[in-house]
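When the letters of the sequence shown are read in order and numbered with full-length UniProt numbering, they come out as residues 1 to 179.
None of these hints come from the bench; they were simulated from the model. Heads up, a few of these hints could be off.
Said to hold, decoys possible - If you anchor each label on the Cβ, the simulated ranges turn out as follows:
{"#": "1", "residue 1": "61", "residue 2": "158", "range": "31 to 37 Å"}
{"#": "2", "residue 1": "59", "residue 2": "154", "range": "49 to 55 Å"}
{"#": "3", "residue 1": "148", "residue 2": "68", "range": "17 to 23 Å"}
{"#": "4", "residue 1": "125", "residue 2": "158", "range": "28 to 34 Å"}
{"#": "5", "residue 1": "66", "residue 2": "149", "range": "34 to 40 Å"}
{"#": "6", "residue 1": "22", "residue 2": "155", "range": "52 to 58 Å"}
{"#": "7", "residue 1": "89", "residue 2": "159", "range": "18 to 24 Å"}
{"#": "8", "residue 1": "59", "residue 2": "21", "range": "21 to 27 Å"}
Note that the structure is a prediction, hence the values are computed from the model and not measured. Just so it is clear, CB atoms sit at the ideal spot from N, CA and C, and this is done for glycine as well.
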Amino acid sequence: MNIKKRSCNDETATQLSELYAGIIHHCLNKINRYPDHNDYDDFYQLGLITLFDTYETCRKDALAAENSFLFVSYAKQKIHWTFLDQIRKDRKKESREAYLSEEELEEIPHNSSFEEQLEQTDLLQRLCAGLTAEENAYLRDALAGLSITEIARKQQLSRKTIYKRRKQIQAKAGTFLKD
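Please model the entire structure based on the sequences and the hints provided.
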């Protein structure tokens, strides 16, 4: 089934924004975005873009009075879903950035004495002797500074498998650290 795509020129966009701006405001209120919120304008613009896209893909003409009720419910749902998707993307990006910040903190070099470095080297050698070849490969790549994703790509394994190996190494290392 072919859906006839309408074009949304400037005049049509103006009419749509005047007629249906209330839908966008309703959806903004539904996701708790009010004019004093710092990303209110961004979400309003996203709502307008979605409204115009909805008009272009809608089967019936939204500017005709007899179709306005159907268009309102259709546009309201699309705009709301678009807002929820954007919120999910923003949260995912924020959590990724927070995670990266924690990783950067772990990479701060520690000042240690020559004796401490020797002890760490000895512990590492004893640990490596008790690891499987796959676990040693992981450990070598991790100590080289590769991320979990890079190690998974390099070893052609899933990230889940790499995390499992990491956990196995941590369990084995725990026995060395207790001694």
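These are the hints, each one checked on the structure:
1. 61 / 158: 31 to 37 Å: violated, 50 Å
2. 59 / 154: 49 to 55 Å: holds, 50 Å
3. 148 / 68: 17 to 23 Å: Violated, at about 52 Å.
4. 125 / 158: 28 to 34 Å: holds, 29 Å
5. 66 / 149: 34 to 40 Å: Since the Cβ atoms of residue 66 and residue 149 sit about 54 Å apart, the hinted range of 34 to 40 Å is violated.
6. 22 / 155: 52 to 58 Å: holds, 55 Å
7. 89 / 159: 18 to 24 Å: The hint (18 to 24 Å, Cβ to Cβ) holds, given that residue 89 and residue 159 are roughly 21 Å apart.
8. 59 / 21: 21 to 27 Å: holds, 23 Å
Consistency with the previously given hints fails for numbers 1, 3 and 5, ordered from lowest to highest.
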